[in-house]
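Enquirer: Chain order of the listed sequences is A and B. Residue numbering for the first sequence follows my numbering, starting at 2 and increasing by one per position. Residue numbering for the second sequence follows my numbering, starting at 5 and increasing by one per position.
Since the hints were derived computationally from the structure, they do not count as laboratory data. Glycine residues also receive a C-beta, built at the ideal position from the N, C-alpha and C atoms. Don't take every hint at face value.
Here are some chain A residues the structure puts well away from chain B; computed CB gaps all over 10 Å [claimed, not checked]:
{"#": "1", "residue": "Trp7"}
{"#": "2", "residue": "Ala13"}
{"#": "3", "residue": "Ser18"}
{"#": "4", "residue": "Val19"}
{"#": "5", "residue": "Phe21"}
{"#": "6", "residue": "Leu54"}
{"#": "7", "residue": "Val71"}
{"#": "8", "residue": "Arg114"}
{"#": "9", "residue": "Gly135"}
{"#": "10", "residue": "Gly142"}
{"#": "11", "residue": "Phe145"}
{"#": "12", "residue": "Met157"}
{"#": "13", "residue": "Ala180"}
Computed footprint of chain A on chain B, listed as stretches where at least three residues anywhere in the stretch have a Cβ under 8 Å from a Cβ of chain A [claimed, not checked]:
{"#": "14", "region": "10-17"}
{"#": "15", "region": "61-69"}
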Amino acid sequence: MSYWPWWLGGTALAAVSVGFWLACGRLLGVSGSVARVLDGPERDRAPDDGSALEAELLAMTRAEFGDDAVAAAAEAPAPSASASPSSASLPWSAHLALLVAIVVGGAVAGATRGGWHLRAVADGLGADFTRLVGGGFGGIGALFAGGLLVGFGTAMSGGCTSGHGLCGTSRLQRGSLAATAAFFGAGALVALALERLR
Amino acid sequence: MQDSKRCTHATSCEMYDLFQLKGALRVWQINYCEGDFQRCARFQRACDGGRIPKNLLPNGKLLTAAPAGPER
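Isolated chain A, as found in the complex:
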């Protein structure tokens, strides 16, 4: 299977990121959408005690900061248009649609390039993967373990390659720059180590 040239893939990723912002008014973040989908659609419903929640929140706010600070903050400018609103405020269905589209898009890309087909476990995941990580159920197990680490890391750092790597670094957010440097650097080191060991 041949891959898209780097410049075309990069342009496509940028188009998706910018398009998501224009369509939804939110930054793209796949791990955030995964978490939101797992939360379930119940969170779309307003809390039954919404007024009680708001009243208690205001009371605790005044107790914490005092009336003067609260009044000053109320007059402070709201986050600018360039600041990213929370992706959690998108409806559940939008997050689900994003995840489904990723899977479908990958399948379509694979099919059009001639590289998509069902594989049995015994078929392995390609010669290079088998050489570096192992084949059969051992390779599947390695993928599962790697996935667990990815899930833990994205939850801990508040984002992944899409949220931090694409959107955060392009906006020069220090946390995203650090996170992206960490996971790309770790990936490169592990890949080099596996090459040496095998």
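Let chain A serve as the given structure and place chain B on it in line with the hints.
Expert: Only chain B this time, still in chain A's reference frame:
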């Protein structure tokens, strides 16, 4: 650059959404989300890998009226 000081977990934080309900609640965002977010109790729980109660405020106190949705 204001965005560079923003909490890296803001995009998935339920409390960040709640603080946008009323202008008076901006004080939480100013002091925590867009300020010294490392001292936020929710941020610290996330970094420790623990569950974050949905009613946990940045100062470590708990709301009795819980926001909608399951805990993270």
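Enquirer: Now tell me, hint by hint, if it's right for this structure.
Expert: Verification of the supplied hints:
No Cβ of chain B approaches the Cβ of Trp7/A within 10 Å, the least distance being about 28 Å, so the stated non-interface status holds. The claim that Ala13/A is not at the interface with chain B holds, since no C-beta of that chain comes within 10 Å of its own (minimum 23 Å). Non-interface status of Ser18/A relative to chain B is upheld: no Cβ of that chain comes within 10 Å, the nearest being about 14 Å off. Distance to chain B confirms Val19/A as a non-interface residue, since its nearest Cβ pair spans about 17 Å, more than 10 Å.
For Phe21/A, the requirement that its beta carbon stay farther than 10 Å from each beta carbon of chain B is met, with the minimum near 13 Å. With a least CB separation of 4 Å from chain B, Leu54/A falls inside the 10 Å interface cut-off, contrary to its annotation. Its closest Cβ contact with chain B, about 5 Å, brings Val71/A to no more than 10 Å, contrary to its assignment away from the interface. Listed as a non-interface residue, Arg114/A keeps its Cβ farther than 10 Å from every Cβ of chain B; the least gap is roughly 33 Å.
Once the 10 Å rule is applied to beta carbons, Gly135/A is consistent with being away from chain B; the minimum gap is 28 Å. No beta-carbon of chain B comes within 10 Å of the beta-carbon of Gly142/A; the shortest separation is about 23 Å. A cut-off of 10 Å between C-beta atoms confirms that Phe145/A is not in contact with chain B; the least separation is 19 Å. Met157/A, annotated as away from the interface, has a beta carbon of chain B within 10 Å; the closest lies near 6 Å.
Not every CB of chain B lies more than 10 Å from the CB of Ala180/A, the least distance being 7 Å, so the non-interface label is violated. Restraint check on the region 10-17 of chain B versus chain A: 8 residues with Cβ-Cβ distances below 8 Å, three needed, restraint holds. For the region 61-69 of chain B, the assignment as covered by chain A holds, since 6 residues bring a beta-carbon within under 8 Å of that chain's beta-carbons and 3 suffice.
The structure fails hints 6, 7, 12, 13 (numbered hints given earlier, in ascending order).
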